[in-house]
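Peer 1: Got two chains here, separate frames each, mind docking them using the hints?
Here the protein sequences come in this chain order: A and B.
At position 111 of the first sequence (counting the first as 1) the number is 111 in our numbering, and the numbers step up by one without a gap.
At position 242 of the second sequence (counting the first as 1) the number is 242 in our numbering, and the numbers step up by one without a gap.
Treat the hints as calculated values from the structure; they're not laboratory data.
We treat Cβ as the ideally placed atom computed from N, Cα and C, and that holds for glycine.
Some clues are possibly wrong.
[As the list claims (entries may be wrong)] Stretch-level coverage of chain B by chain A, calculated; a stretch enters the list once three of its residues show a Cβ under 8 Å from a Cβ in chain A:
# : region
1 : 34-48
2 : 238-247
3 : 299-313
[As the list claims (entries may be wrong)] Examples of chain A residues lying across from chain B (beta carbon under 10 Å, computed):
#  : residue
4  : 74
5  : 76
6  : 146
7  : 208
8  : 209
9  : 210
10 : 254
11 : 279
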Amino acid sequence: MERPRRIPHVHAATLVGLLILLAPFVASTPAYAQADFAGNWAPLYHEDFPERIPGPELGDYAGIPLNEAGRLRADSWDADRISVVVEYQCRPHGGDYMMRGLSNMRIDAILDPLTQRVVALRTRMNFQEMERTIWLDGRTRPSPNAPHTFSGFSTGVWQDNVLNISTTHLKENYIRRNGIPASDKRTFTEHWVRHGNYLTVQTVITDPVFLTEPLVRSQTWTLDPTQQLGRDVCETVPEIPKAADVVPNHLPGANPFLREVADWYGLPAAATRGGAETMYPEYRKTMGSPTNPPPAICKRYCNCGLNGGGCNLQ
Amino acid sequence: MTKHLTLAAVGLLALAAAASLGAQQAATVEPTPLEVLKVQGNVFMLAGAGGNISLQVGREGVLMVDTGLAAAAPRMMAEVRKLSPGPIRWIVNTHLHPDHWGGNETIAGLPPDNLQPLKIAAHENMLNRLTTPEASAQAPAVQRGLPLNEYFTPTKDVHFNGEAIVLYHEPKAHTDGDTVVLFRGSDVVSTGDIFTPGGYPFIDVDNGGTVKGEIDALNHILQLTVPAKTQEGGTYVIPGHGRICDEADVVEFRDMVVIVRDRIQDAINKRMTIEQVKAARLTRDYDTQYVSPTSFVTTDRFVEAVYKSLSAASTPARGQTPAPGGAGRGQAPGGRGQAPTGRR
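Just chain B, with the same shape it has in the complex (with noise of 0.2 Å):
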């Protein structure tokens, strides 16, 4: 009873942490002009309505990754429509927070296609943390939106507009419902926010996130790219936030969160608490490239995040004694040196 009425209020804050999240974008997001720009091949990619929203166009209809803010629901509705008349066949949800799927009961409350109705697809355990009693109780109208068309398998295969898609399930990373998207023709891949060059990854250690998750997921999009002539181009990535990025922005990015989790594993192994991490600033050379006043991921609520993460993976379970000396530099517990081996 105690662990049920535990995960209640997990749900409970989860689901008002999305909404707070939400509603602090929407009180900054709102205002900002929608912007549609071409990326490649049948991809283009739409910003300014919450998290970025990637839209795959052709003669069968139009495919979207995530749908933004439901406040921005309908300027978006008409940019899509500015890009295409035809029917949206197909929405992918990245993750739970609601700038990226707040636009999904919008798109699911059109008049239906009778061809093919309308599929929402994302991982089983962003539904799962959606439709707790709890959360359907905060927010009962958004039940039509539900990414029903779940899927709990590693990968799940779409082919739309010619074009092979795939869908990856990020285990633990930004939450531990993540999906990335590969548009295998077009040649561009949509991360949600696992991936926002613009700031540090929030990773929602409440929701299932983890720093090991979110360097394995990047490892994993770094993976899926091929970059074109002198280490750019090539494989274009839609991130959650942010402009359009190639594999080398990724490789930055990917080497922030690695040195920054290096030095907090290396300040946990010395015993250090959250407080005297926090004091000894050691993401400094990184706050003036990835924190702004307006950033929604603070320095304290990384360190926090990486800190939390490293701590909870490094205690020891039941029965099991600690590694001399805990995990060392670098050592990720759980493993470095274990390579996102086995994908896919």
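Isolated chain A, as found in the complex (with noise of 0.2 Å):
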């Protein structure tokens, strides 16, 4: 019978003094598999890419869990007013809709210079230089009183692999840019996940004012370590004159445009209205039969993304 083997003796006090000199190092230490998001990313728009890149079509609310509100508010608004209405021309994308939109990024990690932990991760992008900062460093969020902004107030908690971010403080945009709206009493969570050189982002909206459930959407992009951000200094110009009291907006039912998009793609009006209904793939099977058929050949943004081809309507 094989006898035990010796434990070595250790002292008490010997064990104790290694654990305080180990300490500072395990504590300084990300736990594993956090992954490292700074960097330059560049965005894949093989999602959604005729609603990203050329823009939504007016009216097109497919996929849009709207409430009726929402709908008379999107069907009321009218384009003119991000181009008429100076205050509009050089606003950025919301906190949920800039990792969706035209752009790239960079995104820098805040260390704290005494532990070297990340305390916050800082995105920029290009396109109107929009920042935003996800705090990790467990801060309270501000008083309900304070300032909202378009990037929203952002914290970040680590499980396992995926950075979990939750953003409130955020004002008045819009979902889609056609109009279809986000209030500023919503709230967005979002799921980074980091596979390789690929940044996977999964964002979830709730907006009690416009949505009847949450609007799950995602994004992926892959690093591109030779990208460099430049300027995007944009300045407001009044264009054409227009009194002070004049917002462009459509008298509801008069909107002209609500029907172009069913027409187009041979679609049911009722799909293109949206709701919480036409989210989901059943959908399909009781939207009814368009009014206009489809065209037998396509006509309006048929190569969008497809082998790097453009978007030019034929």
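Peer 2: What follows is the structure in structure tokens.
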């Protein structure tokens, strides 16, 4: 019978001393599997390309869980508003849309100089020089009476290799660039995952003002070490004379452009009006037939994103 | 005589409405903890005492824009004293509703400062409405806190704590005696109830408010604000109620008022009655954002005020012929297309 090996005797005080010496190194080392997001990232537009690059068609609300208020607000939106009203000309995307819009991105890690731990991630986009800070130091949220910003106030917490981000204090903006509104009461969560040179960001938007249930979208980025972001300085300029009390808008029931998207693509008009049911694949079985059949050949945004194709109208 | 009786009745109703507003807000706001937030420069915002209070603090003492509800005055004063032990030398009241000037009396009752007596400024229309015989009979105790340093010009300049401060009269907006305050050095604007981002504006038609004046006043606030990068920050705006804002927030609010105005004007042009307008739910895309179960300004109250304001303006004066087809879409009676030019 083999005798048990004798465990060397270690004095308790020595063990405690070793632990104290090792403590700073353990504390300053990131947990296993926490990814480094710092670097230059280029967006991949294979997801929802027509919506993101040429831009959404007017009146296309499909796939958005809009309520009645959101639908009417979008119906009354007039695209003139973002050019005629100077205060809109240099607006950035909201924090939830900027990860989805047309822009490259750089992520910087902000380190605590003492501990060398990452206390925040700062993103910068070239479009409108949008910047956003995601705090990782456990700080509390500002008061509800504090100002809101387009980027919002974001905090992140690691769960295994996923960075879960929660954002509040957003300004009113849009969910889709055709007037679908996003209120200043909305919040969103994100799940950032890095797979080698790819970054996937899943966004879940909750808006009690305009949505009946959360809207889930995802975007993918690829690492691009050669990328350099330049400046994008925007200046507001009145483009046409306009009285101060004029805000371009369509009266209820008077927007002439709402049927275009259904007619151009051969879709049932009801499907383009949005609503939670239009988010799910099963909706295809019940959405009915289009008023006009789909065109025999593609006439609009036919090669967007395919084989490097552009989006020129044919 | 009949005219005087009518005016007296209107005055009493206005005071009763103001008192009712104050009482309602006292009931809902009183338990709310007070909060002081630094805005920027020398200016702070005190929330929770009724209407928002702006505080400008420095070596000369304290200047306050509005003083909240009377019932909240002791707690309000405790918060002010945490910020500054200096004398309160100026109060500027933005308008006549008691959730914005209810604390005046308490401050006016503090031991006098031998160097400089307390000055309480407001537009004269506010003072006039508070000092009708009927109003005075209703609330004789508040005489001590009346804004007796009233002004009647479009602007009034104050220099305090090393900063230029400009008071602007906004005619016929939320009431007919509204004042907007620009802290020029700190780059902060205090709006009173012309701007209330969490709820529809209270267009107090009985006290001289109009939707046209409301829009003009909001556009004037936009003239005073200069955003920083990405159209945010820069000039900060302290609203009558709600969180600290900036120009972008005022733009959204202005757009809402203009679009609702356009819709109700269109309904008036189609000869719809107020009941038909309410039934049409023309504001349903804004109700989810601007109305809550505790809102003082309900959808009906807002729609009625806009309808009443536009209808009154549309009524032709004796001897005048109305324009064919009415004012037309978006043509606010009184002149769409007339930007608030020539202002100060």
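Peer 1: Could you run down the list of hints and mark each one as holding or not?
Peer 2: Verification of the supplied hints:
1. 34-48: Coverage by chain A holds here, the residue count being 4 at a Cβ distance below 8 Å.
2. 238-247: holds (count 6)
3. 299-313: violated (count 0)
4. 74: Because about 8 Å separates residue 74/A from the closest Cβ in chain B, which is inside the 10 Å limit, the hint holds.
5. 76: Holds, because the Cβ-Cβ distance from residue 76/A to chain B comes to roughly 7 Å (cut-off 10 Å).
6. 146: holds, 6 Å
7. 208: Hint holds; residue 208/A Cβ to chain B Cβ min 8 Å, cut 10 Å.
8. 209: holds, 5 Å
9. 210: holds, 7 Å
10. 254: holds, 9 Å
11. 279: At 20 Å from the nearest chain B Cβ, residue 279/A fails the 10 Å test, so the hint is violated.
In the structure shown, a violation is registered for the earlier hints numbered 3 and 11, in ascending order.
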